[in-house]
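**Q** Single-letter residue listing:
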Amino acid sequence: MDGVHDLGGLDGFGPVEHTPSEPLFDEDWERRAFRLMIGWIAAQNPSGGRFRHSIERMAPEHYLSSPYYEHWLTGAATMAVEAGFTTQDELDRRAGGHFPLSAQDRGVLPDDLSPRTTPRYSVGDDVRVREWHPPGHTRAARYVQGRRGTVVRVDGAFDIDDIAAHGGGSVADPLYAVRFTSQELWGEAGADGEVVCVNLFERYLEDPQ
Amino acid sequence: MTTDHHHPTEIAPIEARVAAIESVLVEKGVLDLDVLDQIVQHFEDNLGPMNGAKVVARAWSDPDYKQRLLADGTAAIKELGFEGPEGEYMVVVENTPKVHNLVVCTLCSCYPWPTLGLPPKWYKAPAYRSRAVREPRKLLAEMGTDIPADVEIRVWDSSAEARYLVLPMRPTGTDDMSEEQLAGVVTRDSMIGVQRL
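Top line first, the protein sequences correspond to chains A and B.
Quick note, the first sequence lines up with residues 0 to 208 if you use numbering that gives the first Met the number 0.
Quick note, the second sequence lines up with residues 0 to 196 if you use numbering that gives the first Met the number 0.
Fair warning: there could be bad hints in the mix.
Unchecked claim - Dumping the calculated SDA-like pairs for lysine to any residue here, alpha-carbon to alpha-carbon at most 20 angstroms:
# : chain 1 : residue 1 : chain 2 : residue 2
1 : B       : Lys77     : B       : Lys120
2 : B       : Lys120    : A       : Pro14
3 : B       : Lys120    : A       : Leu9
4 : B       : Lys123    : A       : Arg202
Treat the hints as calculated values from the structure; they're not laboratory data.
As the structure is a prediction and not an experimental result, all values here were calculated from the model.
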């Protein structure tokens, strides 16, 4: 989905608030939210895509205004409601106020669920990222969709997140690192001497016209 | 009561929300907090950039290891005992006089846990995620790292399975250092690529 999580290239967030080192958790609730999510993952074994998508579906204003581990909390609670362990009403009652959850999953599975393991492309091949803006989970960021790049690494086949995130199970797809020039991504705002390499599944790619 | 208790408008404090879902999942038998505390403790005690620093120091000290590390990062890192979640497929990218590598995850917070631990706040925040792919040279300069104009900046967006570790260039004046001393020179930021040593 073209969600608020898909941040590559957006303007307006200002300087990076960098710290040379920091504690893992500033506050106890952050540690508990981390513990909650790793416990949920250990018990329920959601795919990485399903975990991430539970966060991507947060209301945009909530996502941007909340600290990182509140994302994990919201995602875990959303998945727990969706799995039938609890309800919005129960969470509100126990919390003594509103417990915001993520929006409904709108993802759809592609028609072709057959696994692919033999890579179609090789290092040096030019490719174009399809432009399809799916309503569900994907690892094809908006800023590379429709852009042309060059394969710089062939990673072998991995389970594609887009399918596992929406109940389609483990379906293998070849994975690549694709290099894009800055000008290809940002047009006249691009810069010489800067390139971006993005890890992309074969189902995201097509031959350049 | 006429209050619509099904739709409270006031958002509950974060601590109360954590307690709410945690209590549900403990009662349902999903979470065993004692076991989970031990796992969290493992993250706090054993995972962190001190692990990645050992990998880098070994690569600087042993040319054969460096070759293995660049050819198959996962296997070479496992030789030193580092493996596990978010490190299942490791790719090591080497800085050279002509190329500087920088790692980001624009979509979430992908980061190599076995070698660097959990990511710092700024790595997960919108400013870094949005700008690293758009204006990396400017961003690095703002963060105190000037990359010469004739050095290509290669940004790696950890958008799928690969987790990246930057192999920084060995600083001058370290020829006489032991591997252990070298590990003390390596910083977390140099292995993300936001710093040059």
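**Q** Next, verify each hint and record whether it holds.
**A** Verification of the hints:
no. : hint                : verdict
1   : B:Lys77 x B:Lys120  : 27 angstroms, violated
2   : B:Lys120 x A:Pro14  : 13 angstroms, holds
3   : B:Lys120 x A:Leu9   : 19 angstroms, holds
4   : B:Lys123 x A:Arg202 : 27 angstroms, violated
Checked against the numbered hints above, the structure breaks hints 1, 4 and satisfies the rest.
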